[in-house]
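Undergrad: Chain by chain, the residues run as shown.
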Amino acid sequence: MYGNAQIDEKQKSKSLTEGEDPDKLAEFEARITGGEKIEPKDWMPKAYRKQLIRMIEQHAHSEIIGALPEGTWITRAPGFRRKLALMAKVQDEVGHGQLLYSAAETLGKTREDMLNDLISGKSKYSNVFNYPAMTWGDTAIIAWLIDAGAIINQVTNSKGSYGPYCRALERICSEESFHLKYGHDNVVYLATGTPQQRELVQDALNRWWQPIMHFHGPPDKMSEHTVVLMKWKVKMATNDEMRQRFLDEYVPKIWDLGLTIPDPKLKKNESTGEWEYTEPDWEEFKRVINGDGPCNKERLQVRRWAEERGAWVRRALMRAEQKYTVPLA
Amino acid sequence: MSLSPGELKDVKEFLYKIADDQLIIGHRNSEWTGLGPTLEEDIAFSSIAQDKIGQSQHIYELLHAMGEKHPDTTAFTRNAADFRCSHLTEYPNGEYEFSLMRNFLFNHSEHIRFGMLSTSSVEQLAKLAKKYRGEIKYHVMHSDTWVKQLGRANEESHMRMQKALNDTFNLALGIFEESDFAEALRETKVFEGEQVLQNKWLEEISPILDSASLVIPNKNSWAPAYGGRKGQHTEYLQPLIEEMGAVFRLDPNAEW
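Chains F and A, in that order, are what the protein sequence lines are.
In terms of our numbering, the first sequence is residues 1 to 329.
In terms of our numbering, the second sequence is residues 330 to 585.
Please keep in mind that the hints were generated in silico from the structure rather than gathered at the bench.
It is possible that part of the hints are untrue.
Stated by the list, open to error - Computed cross-link-like contacts, SDA-like style, restricted to lysine to any residue with a CA-CA straight-line distance of at most 20 Å: (1) LYS492/A - ALA311/F; (2) LYS233/F - PRO22/F; (3) LYS109/F - GLU369/A; (4) LYS477/A - LYS297/F; (5) LYS492/A - GLY310/F; (6) LYS124/F - ARG315/F; (7) LYS477/A - LYS492/A; (8) LYS477/A - LEU317/F; (9) LYS477/A - ASN495/A; (10) LYS460/A - LEU84/F; (11) LYS477/A - ASP240/F; (12) LYS46/F - ASP23/F; (13) LYS37/F - LYS231/F; (14) LYS181/F - GLU369/A; (15) LYS268/F - ASP240/F; (16) LYS492/A - ARG315/F; (17) LYS233/F - GLU36/F; (18) LYS398/A - ARG81/F; (19) LYS109/F - SER123/F; (20) LYS477/A - GLU36/F; (21) LYS492/A - ARG309/F; (22) LYS456/A - HIS387/A; (23) LYS559/A - GLU507/A; (24) LYS221/F - SER15/F; (25) LYS50/F - GLY95/F; (26) LYS477/A - ALA311/F; (27) LYS492/A - ARG314/F; (28) LYS231/F - LEU25/F; (29) LYS37/F - ARG167/F; (30) LYS492/A - GLN478/A; (31) LYS341/A - HIS387/A; (32) LYS559/A - ASN408/A; (33) LYS477/A - MET318/F; (34) LYS477/A - TRP312/F; (35) LYS492/A - TRP312/F; (36) LYS109/F - LYS460/A; (37) LYS122/F - LYS231/F.
So that you can see chain F by itself, here it is in the shape it has in the complex (with noise of 0.2 Å):
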């Protein structure tokens, strides 16, 4: 499950192709418009190779931090199709990161150096994970829409330019495709209930309205560099597009089940085909990102232990040859 990649920033003040040679440079933005994908010993722009890198490891991250919330709820899932379905869910998002950090590694970052990474804080996950699971209506929000706005940044994503991510995000929405379904049919149940089990639901999208609307990211600045970016089909969309596409096919189904999306201006407009909606609150947003979220803290703390916990493990792995024998005396 991801949102849409953040810009880096920092790299705006030089151009993303200063010191590049200009035929190659030229080559590769010739095999990508012709739609030709890029492998790992290609040559590509050290921008290239950066944003994707970046990309990539946020997008595994969000998989293995997406997994936290909803894994909590394993232990209270009702009944025995619930709890199966949300332990193969939850499975397949760790799943999804073991992928996607094989296909970062592609790009020459080793592993273990996104997860140093991800806990010292240095780089990001979707910041939707920042925000608690209070309850098992929460879980089935989840499981519904922030799959589906990822499977919708997936799929666009899955056309990019750079192969080993694109092939993985292939087999990850056909993985995707089916948490959907699970997550629309806890829904459906929970709004179709007793009224204590619409009330659940209804109160996870109250909670929930917000986080999904942040989960494209912010509106685009069309900058040189975000048109480079889109050329070099890194960025396939803008945020507001996935938004656009995200509103557009979720919204009636979230009507038809009678619920009340907590945004009153929210509307198509049927001249411009556009939906109009109040922007959600973007300094919460910059806030949260940056550490000062209800969640941000525990999550970092949860993955942590679990890699200090974990770490003779995978000592006593690299060190296959060495056999230990117990001392006589």
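Using the hints provided, position chain A relative to the given structure of chain F.
TA: Quick look at chain A alone, frame taken from chain F:
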């Protein structure tokens, strides 16, 4: 075979024991999701948990067909005293080595148990045992591989694994607590009994532990953690059950 009412009661008690073990250890395994020492291990524990919980569900379905309550009601609304799981399955996960060693000792017992049950006189049970044995084979392979690797990799891993074996061994012996109906099940060729199972288990795990440089605690110190099969549990089971049923119990008549 058709069972007399008395025999049916014994078989049901026996099935509860197996299903409850699978459910509770599966639940514990699922708690590793997102927290494993490597991503691959995280995924493996989740697969094992899904198998075990799925197996418990099927056994509860079999019990339901024998007149017991719906599997969800059975699993999500009983109290600890109604459970028949062994203490081994109930303990919190602790460190990875504890969870791994618990799985190792449990998996072998299950694999042998289902092997023995595959020739049971109760046809449904024999059929189910054959199917599950094929799944549990992979659980056994998983824990064997890790025990062998970690038992001998380095001093730290060896010490952790030996301590885990010391900590779990008496709990594992509790798996083999005989029940009042054991003799009846033996006579009707439903199941040969826990003592036979325990002997086979010791024969099977000893060479593996040996090759991992791990030593089974001295027989003088054996003190099987009995009680689970009679509904006497550790302090850890009731909170686990309450957590498991927390949403389901909000409204047991609701469809989730």
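Undergrad: Tell me, which hint numbers fail for this structure?
TA: Going through the list in order, the structure violates hints 4, 6, 11, 14, 20, 25, 36, 37 and respects the others.
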